[in-house]
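Student: Since the structure of chain H is provided, determine the placement of chain S on it from the hints.
Those protein sequences? They're chains H and S, same order as listed. What the first sequence shows, in our numbering, is residues 391 to 588, in sequence order. What the second sequence shows, in our numbering, is residues 391 to 588, in sequence order.
To be clear, the hints were calculated from the coordinates, so they are not data collected in a lab. Just so it is clear, the structure is predicted and the values come from calculations on it, not from any experiment. Any given hint might turn out to be false.
Derived EDC-like pairs: lysine to aspartate or glutamate, alpha-carbon spacing no greater than 20 angstroms straight-line [stated by the list, open to error]:
hint: 1; chain 1: H; residue 1: K442; chain 2: H; residue 2: E513
hint: 2; chain 1: H; residue 1: K550; chain 2: H; residue 2: D499
hint: 3; chain 1: H; residue 1: K545; chain 2: S; residue 2: D584
hint: 4; chain 1: S; residue 1: K550; chain 2: H; residue 2: D584
hint: 5; chain 1: H; residue 1: K543; chain 2: S; residue 2: D584
hint: 6; chain 1: S; residue 1: K542; chain 2: H; residue 2: D584
hint: 7; chain 1: S; residue 1: K435; chain 2: S; residue 2: E420
hint: 8; chain 1: H; residue 1: K550; chain 2: S; residue 2: D584
hint: 9; chain 1: S; residue 1: K543; chain 2: H; residue 2: D534
hint: 10; chain 1: S; residue 1: K542; chain 2: S; residue 2: E513
hint: 11; chain 1: H; residue 1: K543; chain 2: H; residue 2: E507
hint: 12; chain 1: H; residue 1: K550; chain 2: H; residue 2: D534
hint: 13; chain 1: S; residue 1: K545; chain 2: S; residue 2: E513
hint: 14; chain 1: S; residue 1: K543; chain 2: S; residue 2: E509
hint: 15; chain 1: H; residue 1: K542; chain 2: S; residue 2: D584
hint: 16; chain 1: S; residue 1: K435; chain 2: S; residue 2: E397
hint: 17; chain 1: S; residue 1: K542; chain 2: S; residue 2: E509
hint: 18; chain 1: S; residue 1: K545; chain 2: H; residue 2: D584
hint: 19; chain 1: H; residue 1: K550; chain 2: H; residue 2: E563
hint: 20; chain 1: H; residue 1: K439; chain 2: H; residue 2: D449
hint: 21; chain 1: H; residue 1: K436; chain 2: H; residue 2: E451
hint: 22; chain 1: S; residue 1: K442; chain 2: S; residue 2: E507
hint: 23; chain 1: H; residue 1: K542; chain 2: H; residue 2: E513
hint: 24; chain 1: S; residue 1: K543; chain 2: S; residue 2: E522
Protein chains: 2
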Amino acid sequence: MENAVAEFAQLPGIGRKTALRLVLHLLRQEESEVVSFGEAIIQLKKEVKHCKICHNISDSETCNICASPNRIETVICVVESIRDVLSIENTHQYNGRYHVLGGLISPMDGVGPGNLEVESLLERVGAGDVVEVILALSTNMEGDTTNFYLYKKLKSFEVKITTIARGVAIGGELEYTDELTLGRSIVNRLNYSDTLNQ
Amino acid sequence: MENAVAEFAQLPGIGRKTALRLVLHLLRQEESEVVSFGEAIIQLKKEVKHCKICHNISDSETCNICASPNRIETVICVVESIRDVLSIENTHQYNGRYHVLGGLISPMDGVGPGNLEVESLLERVGAGDVVEVILALSTNMEGDTTNFYLYKKLKSFEVKITTIARGVAIGGELEYTDELTLGRSIVNRLNYSDTLNQ
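Isolated chain H, as found in the complex (with noise of 0.2 angstroms):
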């Protein structure tokens, strides 16, 4: 019981006094769940891939978004990591494939371009078919600067570059939204008419 403790205490967010009621709770199933939540555990790193095109989580080769044949192949959506997939497919307006990096270009930390599938995106959109990247990085200083080595790479490619929209929140006040986002929807306003089906 201690070793269980002990490995549950592991977990971010889980010390041990709630590892100890965690196990506590386990000691209180019937053995056949317990057992199904342990193999859940092996398999977990054992059987999910990486999808060998887009780098998203995958239980095969080629995750589900990228073998779709309803997915348009010729838009590739380019995001920090496997939670913004997750994001941007719940909001269920995109319907074009993904190329996950792994991360943001951030000298601080010591990751440089070389750290990140940024190589793979070059082969993907050199190789013919794509005709738009869409940039949905995060806006900090490495967002940015990963938007702009990504920009300077891919801009002697035939593709139109494009990033997401920045501006106020829907449902938000202009009063309570900050100075640059609110500047920036105003400077990025748009044809009113086209947002009325949206």
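Tutor: Coordinates of chain S only, in the frame set by chain H:
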């Protein structure tokens, strides 16, 4: 003193205890300072006027923005309140004129177009010179209703009707952005090169 405490206690967010604290503070000040404070309050309502063109607050008949020869006359940004004018001015990204509606259409609260400065907006646009009307209202139900009402009214004029961009905040992460806003930021994506100098 009881009188002064009662007056302070009328203000929003100030209870009797705080009011008493404020009055005791004033009693400790020089008489001239307290008199000038009182006079400022009296002048506030007497001398602050509303601009007859855009309905922003003003010291004179016409506000500084409407009177300025450096502001573009042909673009009008429609906002709900004076606070929104201040928010947009703080961004230093807008160089046109404003039109303060004084509220939003809200059938639930009995606010119709007749209670707002809609007629005077239509007159300004109808007078000719205006090239673009930017709808910069909140995206709640009242804001959407008002946007659509104004759009229908303005459509017959030869004027471009735009709206501020909605999207991920600058510095905001995709993961913490609500699905509607993230979805909109992808649908309304921009050319990356257009955003480079913003």
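Student: Next, verify each hint and record whether it holds.
Tutor: Verification of the supplied hints:
1. For the proposed pair H/K442 and H/E513, the alpha carbon gap of about 12 angstroms is at most 20 angstroms, so the pair holds.
2. At roughly 31 angstroms between alpha-carbon atoms, H/K550 and H/D499 are farther apart than 20 angstroms, so this suggested pair is violated.
3. Annotation: proposed proximity of H/K545 to S/D584 holds, straight-line Cα distance about 14 angstroms (limit 20 angstroms).
4. Taking the CA atoms of S/K550 and H/D584, the gap is about 12 angstroms. The hint holds against a cut of 20 angstroms.
5. For the suggested pair H/K543 and S/D584, the alpha carbons sit about 17 angstroms apart, so the restraint of at most 20 angstroms is met.
6. Simply put, S/K542 and H/D584 have alpha-carbon atoms about 14 angstroms apart, close enough for the 20 angstroms limit, and the pair holds.
7. Between the alpha carbons of S/K435 and S/E420 the distance comes to roughly 24 angstroms, so the proposed pair goes past 20 angstroms and is violated.
8. A threshold of 20 angstroms between alpha carbons decides the hint, and for H/K550 with S/D584 the separation of about 12 angstroms falls inside it, so the pair holds.
9. Under the criterion of a C-alpha separation no larger than 20 angstroms, the hint pairing S/K543 with H/D534 is inconsistent with the structure, at around 41 angstroms.
10. Our distance criterion of 20 angstroms between C-alpha atoms is met by S/K542 and S/E513, whose separation comes to about 15 angstroms.
11. Note on H/K543 and H/E507: the hinted pairing holds, with a Cα-Cα distance of about 13 angstroms set against a maximum of 20 angstroms.
12. A threshold of 20 angstroms between alpha carbons decides the hint, and for H/K550 with H/D534 the separation of about 18 angstroms falls inside it, so the pair holds.
13. Our distance criterion of 20 angstroms between C-alpha atoms is met by S/K545 and S/E513, whose separation comes to about 14 angstroms.
14. Our distance criterion of 20 angstroms between C-alpha atoms is met by S/K543 and S/E509, whose separation comes to about 10 angstroms.
15. In summary, the hint linking H/K542 to S/D584 is supported, as the alpha carbons are separated by about 14 angstroms, within the 20 angstroms threshold.
16. About 16 angstroms separates the Cα atoms of S/K435 and S/E397, which keeps this hinted pair within 20 angstroms; it holds.
17. Taking the CA atoms of S/K542 and S/E509, the gap is about 13 angstroms. The hint holds against a cut of 20 angstroms.
18. Our distance criterion of 20 angstroms between C-alpha atoms is met by S/K545 and H/D584, whose separation comes to about 14 angstroms.
19. With a C-alpha separation of about 32 angstroms, the suggested pair H/K550 and H/E563 falls outside the 20 angstroms cut-off, and the hint is violated.
20. Among the hinted pairs, H/K439 with H/D449 is consistent with the structure: their alpha-carbon atoms are about 6 angstroms apart, no more than 20 angstroms.
21. A threshold of 20 angstroms between alpha carbons decides the hint, and for H/K436 with H/E451 the separation of about 13 angstroms falls inside it, so the pair holds.
22. A hinted pair counts as satisfied when its Cα atoms are at most 20 angstroms apart, and S/K442 with S/E507 qualifies at roughly 11 angstroms.
23. Under the criterion of a C-alpha separation no larger than 20 angstroms, the hint pairing H/K542 with H/E513 is consistent with the structure, at around 15 angstroms.
24. Straight-line distance between C-alpha atoms of S/K543 and S/E522 comes to about 14 angstroms, which keeps the hinted pair within the 20 angstroms bound.
The structure shown violates the earlier hints numbered 2, 7, 9, 19.
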